[in-house]
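*Asks:* Please work from the sequences and hints to get the whole structure.
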Amino acid sequence: MKIFRILVTLVVAALVVVSGYAALFIAPDERTMHLIQRIFYFHVPSWSASFSAFTIVFIANIAYLATRQQRWDSLSVSAAEVGVAICSIGLITGPLWARPVWGIWWTWDARLTTTFILWLLYISYLILRNLLEDPERRAVLSAIVGVFAFLDVPLVYMSNRLFPTQHPKPVYFGDSASGADPRMTRVLLLCMFSLFCVMVIVLIDRYRLERLRQEYDALRIEVEARTQSMEAASASLSSGSEK
Amino acid sequence: MTTARAAAIVLAKELRLEFRTRELLNTTVVFALIVVALFSYAFNPTADESRQWGAGLLWLAFLFAGSLMLNPSFAREHTNDTLDALRMAPISPFAILFGKTLANFAFMALSELILVPVFCVLYNVSVSGVAASLILVLALGTLGLVVVGTVFSAISARARMRELLLPLLLLPILTPLLSACVKATGALFSVEPELNIPSIALIAGFDVVFLTASWLLCEYLLEE
Numbered sequence: 001m002k003i004f005r006i007l008v009t010l011v012v013a014a015l016v017v018v019s020g021y022a023a024l025f026i027a028p029d030e031r032t033m034h035l036i037q038r039i040f041y042f043h044v045p046s047w048s049a050s051f052s053a054f055t056i057v058f059i060a061n062i063a064y065l066a067t068r069q070q071r072w073d074s075l076s077v078s079a080a081e082v083g084v085a086i087c088s089i090g091l092i093t094g095p096l097w098a099r100p101v102w103g104i105w106w107t108w109d110a111r112l113t114t115t116f117i118l119w120l121l122y123i124s125y126l127i128l129r130n131l132l133e134d135p136e137r138r139a140v141l142s143a144i145v146g147v148f149a150f151l152d153v154p155l156v157y158m159s160n161r162l163f164p165t166q167h168p169k170p171v172y173f174g175d176s177a178s179g180a181d182p183r184m185t186r187v188l189l190l191c192m193f194s195l196f197c198v199m200v201i202v203l204i205d206r207y208r209l210e211r212l213r214q215e216y217d218a219l220r221i222e223v224e225a226r227t228q229s230m231e232a233a234s235a236s237l238s239s240g241s242e243k
Numbered sequence: 001m002t003t004a005r006a007a008a009i010v011l012a013k014e015l016r017l018e019f020r021t022r023e024l025l026n027t028t029v030v031f032a033l034i035v036v037a038l039f040s041y042a043f044n045p046t047a048d049e050s051r052q053w054g055a056g057l058l059w060l061a062f063l064f065a066g067s068l069m070l071n072p073s074f075a076r077e078h079t080n081d082t083l084d085a086l087r088m089a090p091i092s093p094f095a096i097l098f099g100k101t102l103a104n105f106a107f108m109a110l111s112e113l114i115l116v117p118v119f120c121v122l123y124n125v126s127v128s129g130v131a132a133s134l135i136l137v138l139a140l141g142t143l144g145l146v147v148v149g150t151v152f153s154a155i156s157a158r159a160r161m162r163e164l165l166l167p168l169l170l171l172p173i174l175t176p177l178l179s180a181c182v183k184a185t186g187a188l189f190s191v192e193p194e195l196n197i198p199s200i201a202l203i204a205g206f207d208v209v210f211l212t213a214s215w216l217l218c219e220y221l222l223e224e
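As given, the protein sequences belong to chains A and B, one line each in that order. Taking the working numbering, I'd label the letters of the first sequence as residues 1 to 243. Taking the working numbering, I'd label the letters of the second sequence as residues 1 to 224.
One or more hints might be untrue.
[Said to hold, decoys possible] Away from chain A, derived, C-beta distances all over 12 angstroms, residues of chain B: (1) Phe-43; (2) Arg-51; (3) Ala-85; (4) Phe-105; (5) Val-118; (6) Val-125; (7) Gly-144; (8) Ser-156; (9) Ile-203; (10) Ser-214; (11) Glu-219.
[To be verified] Using C-beta positions, here's what the derived DEER-type ranges look like: (12) A/Arg-161 / B/Ala-132: 41 to 51 angstroms; (13) A/Ser-236 / B/Leu-211: 51 to 61 angstroms; (14) A/Ala-85 / B/Glu-163: 27 to 37 angstroms; (15) B/Asp-48 / A/Val-101: 56 to 66 angstroms; (16) A/Leu-126 / B/Leu-216: 39 to 49 angstroms; (17) A/Asp-134 / B/Arg-76: 41 to 51 angstroms; (18) A/Ile-127 / B/His-78: 19 to 29 angstroms; (19) A/Arg-5 / B/Arg-76: 47 to 57 angstroms.
These are calculated hints, taken from the structure and not from any lab test. For clarity, every value in this text was computed on a predicted model and none was experimentally measured. Glycine included, every Cβ here is placed at the ideal spot set by N, Cα and C.
*Replies:* Below, the structure is given as structure tokens:
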């Protein structure tokens with residue numbers, strides 16, 4: 001089983017190397033932006049991977065409320081952490097591209113603002129989890145916040161549509177008239193797939209860690225309870241022998 | 001007992017509790033007035049500028065005041081564990097939540113009733129011709145604020161650092177509501193006032209989505 005996990009990790013690592021190579025050397029040069037456009041093979045996949053992670057959070061939240069099984073709660077916290085991390089990649093690579101192309105680091109446009117708010121929503125979700133002590137109460141209450149956060153995302157997006165947008169339209173999956181070279185689309189799909197795989201293996205690892213933590217917590221509580229009852233027993237024994 | 005009647009009883013209890021002391025209302029109104037005054041110190045707006053930015057200022061003041069005001073809604077039930085008593089009553093959890101939501105709506109609406117005229121005087125904004133439309137926008141926006149706010153108040157009341165936590169959870173989720181309310185109110189403040197239908201539709205959509213979500217999830221929210 002361990003061998004299998006190492007093998008899968010190696011395959012994903014190779015996939016990342018191949019897609020990085022494809023993004024930098026195989027994909028054709030963009031006509032006006034040249035080299036800087038290649039950041040898109042990292043930027044767009046970060047969006048799709050983090051959004052997949054947040055969708056997993058939402059599904060795990062609902063599944064927890066329906067079944068009350070601790071593992072769904074573990075999955076939701078793991079996916080939220082991984083999603084926030086990958087979303088940060090998108091928020092960093094975006095401005096790196098925007099500065100030379102738009103001349104500004106940031107603009108309050110629909111897609112940028114939505115992603116930024118999404119990132120904040122899941123950070124506050126993670127903070128909430130830290131501030132709730134009781135494990136079951138934490139699981140239930142954070143699941144409710146998780147559902148509310150996910151429902152908010154389309155509304156955030158729509159509300160930003162009330163203002164004009166500056167972000168480029170998605171040209172890659174449009175029709176053949178979009179002007180993108182088919183090789184670009186293939187490289188982008190490869191990059192999306194490899195970042196998705198990275199997200200999944202990091203998520204699985206984080207999930208295992210969370211399960212171990214819960215097991216450790218449960219054991220610690222049991223040890224404390226037993227020590228206390230043993231101390232109480234020996235105290236009553238010694239007080240009995242003195243008489 | 002029907003849910004509507006139970007909710008009305010919870011609402012009456014909340015109102016009675018508040019009007020004995022008026023702590024919440026006094027604090028909220030004064031806090032919102034301070035925000036309005038601070039804004040003029042920070043930006044010193046002329047009449048034209050306040051027509052442009054005033055809607056944003058007004059809604060930010062409501063949001064900040066709301067995120068503070070909603071905190072005691074459930075937190076003060078904890079002092080004497082009175083939430084347990086409410087839960088033991090043979091009424092649906094949604095009746096408790098909805099009664100509290102309505103009470104918070106009433107408190108916010110009263111604060112706004114005092115704040116909006118003061119704002120209009122201080123910032124030279126005239127709303128005489130559009131009062132009905134303004135009330136519609138204020139009512140729909142406030143409903144969205146208190147629906148999400150009451151649910152989150154029940155959550156933050158059971159966490160550590162609850163006073164800090166509620167704004168942290170509430171404000172990011174209210175961003176779509178804020179931008180739509182500012183857009184709709186700004187359109188009413190302009191020289192040629194108009195009813196901005198897309199914004200109002202978005203506010204109504206926000207209300208419907210989160211009212212439904214709180215109805216579906218309130219059973220989990222109020223369990224022990």
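*Asks:* Look at each hint and say if it fits the structure.
*Replies:* Going through the hints against the structure:
no.: 1; hint: Phe-43; in the structure: holds, 18 angstroms
no.: 2; hint: Arg-51; in the structure: holds, 18 angstroms
no.: 3; hint: Ala-85; in the structure: holds, 19 angstroms
no.: 4; hint: Phe-105; in the structure: holds, 18 angstroms
no.: 5; hint: Val-118; in the structure: holds, 28 angstroms
no.: 6; hint: Val-125; in the structure: holds, 21 angstroms
no.: 7; hint: Gly-144; in the structure: violated, 10 angstroms
no.: 8; hint: Ser-156; in the structure: violated, 8 angstroms
no.: 9; hint: Ile-203; in the structure: violated, 9 angstroms
no.: 10; hint: Ser-214; in the structure: violated, 9 angstroms
no.: 11; hint: Glu-219; in the structure: violated, 9 angstroms
no.: 12; hint: A/Arg-161 / B/Ala-132: 41 to 51 angstroms; in the structure: violated, 27 angstroms
no.: 13; hint: A/Ser-236 / B/Leu-211: 51 to 61 angstroms; in the structure: holds, 57 angstroms
no.: 14; hint: A/Ala-85 / B/Glu-163: 27 to 37 angstroms; in the structure: holds, 29 angstroms
no.: 15; hint: B/Asp-48 / A/Val-101: 56 to 66 angstroms; in the structure: violated, 35 angstroms
no.: 16; hint: A/Leu-126 / B/Leu-216: 39 to 49 angstroms; in the structure: violated, 24 angstroms
no.: 17; hint: A/Asp-134 / B/Arg-76: 41 to 51 angstroms; in the structure: violated, 21 angstroms
no.: 18; hint: A/Ile-127 / B/His-78: 19 to 29 angstroms; in the structure: holds, 21 angstroms
no.: 19; hint: A/Arg-5 / B/Arg-76: 47 to 57 angstroms; in the structure: holds, 51 angstroms
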